[in-house]
Structures are given as structure tokens and as C-alpha cells.
Amino acid sequence: SQKIEQNSEALNIQEGKTATLTCNYTNYSPAYLQWYRQDPGRGPVFLLLIRENEKEKRKERLKVTFDTTLKQSLFHITASQPADSATYLCALDRPNSGYALNFGKGTSLLVTP
Amino acid sequence: NAGVTQTPKFRILKIGQSMTLQCTQDMNHNYMYWYRQDPGMGLKLIYYSVGAGITDKGEVPNGYNVSRSTTEDFPLRLELAAPSQTSVYFCASSLRENTEAFFGQGTRLTVV
Chain A
1280 SQKIEQNSEA LNIQEGKTAT LTCNYTNYSP AYLQWYRQDP GRGPVFLLLI
1330 RENEKEKRKE RLKVTFDTTL KQSLFHITAS QPADSATYLC ALDRPNSGYA
1380 LNFGKGTSLL VTP
Chain B
39 NAGVTQTPKF RILKIGQSMT LQCTQDMNHN YMYWYRQDPG MGLKLIYYSV
89 GAGITDKGEV PNGYNVSRST TEDFPLRLEL AAPSQTSVYF CASSLRENTE
139 AFFGQGTRLT VV
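Line order of the protein sequences matches chains A and B.
Counting in the numbering used here, the first sequence runs from 1280 upward without gaps.
Counting in the numbering used here, the second sequence runs from 39 upward without gaps.
Any given hint could be a false lead.
Within a straight-line C-alpha distance of at most 30 Å, the following computed DSSO-like cross-link-like pairs (lysine-lysine) qualify [to be verified]: (1) A/Lys-1296 / A/Lys-1342; (2) A/Lys-1350 / A/Lys-1282; (3) A/Lys-1336 / B/Lys-82; (4) B/Lys-82 / A/Lys-1338; (5) A/Lys-1296 / A/Lys-1384; (6) A/Lys-1338 / A/Lys-1282; (7) B/Lys-82 / B/Lys-47; (8) B/Lys-95 / A/Lys-1384; (9) A/Lys-1384 / B/Lys-47; (10) A/Lys-1342 / B/Lys-52; (11) A/Lys-1384 / A/Lys-1282; (12) B/Lys-52 / B/Lys-95; (13) B/Lys-52 / A/Lys-1384; (14) B/Lys-52 / A/Lys-1350; (15) B/Lys-82 / B/Lys-52; (16) A/Lys-1350 / A/Lys-1296; (17) A/Lys-1282 / B/Lys-82; (18) B/Lys-95 / A/Lys-1282; (19) A/Lys-1334 / A/Lys-1282; (20) A/Lys-1336 / A/Lys-1282; (21) A/Lys-1334 / B/Lys-82; (22) A/Lys-1338 / A/Lys-1384; (23) A/Lys-1350 / A/Lys-1384; (24) B/Lys-82 / A/Lys-1384; (25) B/Lys-95 / A/Lys-1350.
Here are some chain B residues pointing at chain A (derived, C-beta under 7 Å) [claimed, not checked]: (26) Tyr-69; (27) Leu-81; (28) Phe-141; (29) Gly-144.
It should be emphasised that the hints constitute simulated quantities derived from the structure, not laboratory data.
Think of the CB as a built atom: it goes at the ideal place given N, C-alpha and C, for glycine as much as any other residue.
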């Protein structure tokens, strides 16, 4: 069955550094991959979408890569700020389910001043 | 735009009671979804709809029902609440395939 893995351990980094989060998947050939941010007690908020034929996508301080050979996506936040502290979710398209998303469990990021 | 609105935000139910979680969106999206999120777990798809009058089961549909009589509304019904249904429920919508999903703020449900 399809499996999505994100680092279960929280990532702690210092303000100003680059945070890198990993999403690995197996038994799967997604057409696209998305990243969401979730704050405590809130719903996920969309950040970036990357398609299978795209290697890299950027938006302001965010960068996503998508390696379909390695079955891996990396999510980077450059010049991180305490306000970036949240849980980040990787999501892939779910076949035969009305384009619903299949989510990883998320990685918690803590940026300290 | 309000986006996706869920009500209520919190609810405590007794075992065996029933309730409806409301979800409405004002973006004219055809696709709507219900997920549940348990601590330390990813979001699990309960039901989805690709348009008014069309619904289908996701990966964890047991104990739930849905309807989609209009484009805007996608209520989730719990008929006989069980402790295993204690969770946070999120409704989401999207315009079409390969586009971002918009989520509501969630309903935190406790069954005691």
C-alpha cells in the first residue's frame, strides 16, 4: 500500500538557519506533491505544489524539490524565523479518490531565537 | 471570502448519541472532503465528493455518513457515537485536480 514517511522527530534549529524537512514515499507514483503548514488547533494551510515533471519550486523563502527516482521531496525554509515554528505536512495525490490527498504524519519544526 | 467554515468547533458526545458536523464553502469548489486527525497520526480520509449529488467512501468511512445536496454544503453525520470517533475532524475543498486544498478550522469531538 502507499506509504508516506516524514521525520517523526521534531526539528530544532536556530533563527537564520535553513530548515530542511524530508518526505519519502513508497509504492507510489504521484502526479504531484504538496506541502502544508499546520499550527496547533488549526487546519492545514497550503504552501507549495510541485508536479512530477518539475524538479524544483520556489516561493519567497520556501523551496521544494521533487525526485521521482529517489521517491523523495525536500522542503527548505531559508533564513528561518521563530514564526516558522509549526508542523509541516507532506501530501500526495490519492488515486481514485476524487483527487483527495494522502498525508504524511508531519514534522514539527521549532525555530529558536 | 469566508473559505471553508466548520461548525461546531468543539463538541462532547455521549456514547450512542448522534450529531452532524457542518461544513460549507463559498468558493464554488466541486471537490469536498472530510478527514479526521488523531494525535501523532496523519489525516485520514473519511468521505469525499466530486460534486453535488455524488459522494464516495474514503479509507475510514465506518460509523459515518455524508450527503451533498448543494455545491456549498457537505455535512458529516455520526449516527451512534463511539469512543473511537474521538478526534479532530477537518473539512476541505478544492477547485479541481492538482490544485491546493482549503481546510476549515476543524471540529474537536470527544465521545465519552
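Checked hints:
1. A/Lys-1296 / A/Lys-1342: 14 Å, holds
2. A/Lys-1350 / A/Lys-1282: This hinted pair holds, its Cα atoms lying about 11 Å apart.
3. A/Lys-1336 / B/Lys-82: 27 Å, holds
4. B/Lys-82 / A/Lys-1338: Between B/Lys-82 and A/Lys-1338 the Cα gap is close to 28 Å, so the pair holds against 30 Å.
5. A/Lys-1296 / A/Lys-1384: Roughly 24 Å separates the two Cα atoms, so the pair holds.
6. A/Lys-1338 / A/Lys-1282: Holds, because 27 Å separates the two Cα atoms, which is no more than 30 Å.
7. B/Lys-82 / B/Lys-47: Holds, because 19 Å separates the two Cα atoms, which is no more than 30 Å.
8. B/Lys-95 / A/Lys-1384: Satisfied, since the Cα-Cα distance of roughly 21 Å is no more than 30 Å.
9. A/Lys-1384 / B/Lys-47: 22 Å, holds
10. A/Lys-1342 / B/Lys-52: 46 Å, violated
11. A/Lys-1384 / A/Lys-1282: Holds - the C-alpha atoms of A/Lys-1282 and A/Lys-1384 are around 11 Å apart, at most 30 Å.
12. B/Lys-52 / B/Lys-95: Answer holds: B/Lys-52 to B/Lys-95 is near 25 Å, not above 30 Å.
13. B/Lys-52 / A/Lys-1384: OK: B/Lys-52 and A/Lys-1384 at ~29 Å, within 30 Å.
14. B/Lys-52 / A/Lys-1350: With Cα atoms ~44 Å apart, B/Lys-52 and A/Lys-1350 exceed 30 Å; violated.
15. B/Lys-82 / B/Lys-52: 23 Å, holds
16. A/Lys-1350 / A/Lys-1296: 26 Å, holds
17. A/Lys-1282 / B/Lys-82: Holds, at roughly 13 Å.
18. B/Lys-95 / A/Lys-1282: 19 Å, holds
19. A/Lys-1334 / A/Lys-1282: 21 Å, holds
20. A/Lys-1336 / A/Lys-1282: 23 Å, holds
21. A/Lys-1334 / B/Lys-82: 28 Å, holds
22. A/Lys-1338 / A/Lys-1384: Status holds; Cα separation ~23 Å.
23. A/Lys-1350 / A/Lys-1384: Cα-Cα ~17 Å, so holds.
24. B/Lys-82 / A/Lys-1384: 10 Å, holds
25. B/Lys-95 / A/Lys-1350: Holds - the C-alpha atoms of A/Lys-1350 and B/Lys-95 are around 27 Å apart, at most 30 Å.
26. Tyr-69: 6 Å, holds
27. Leu-81: 4 Å, holds
28. Phe-141: 3 Å, holds
29. Gly-144: 5 Å, holds
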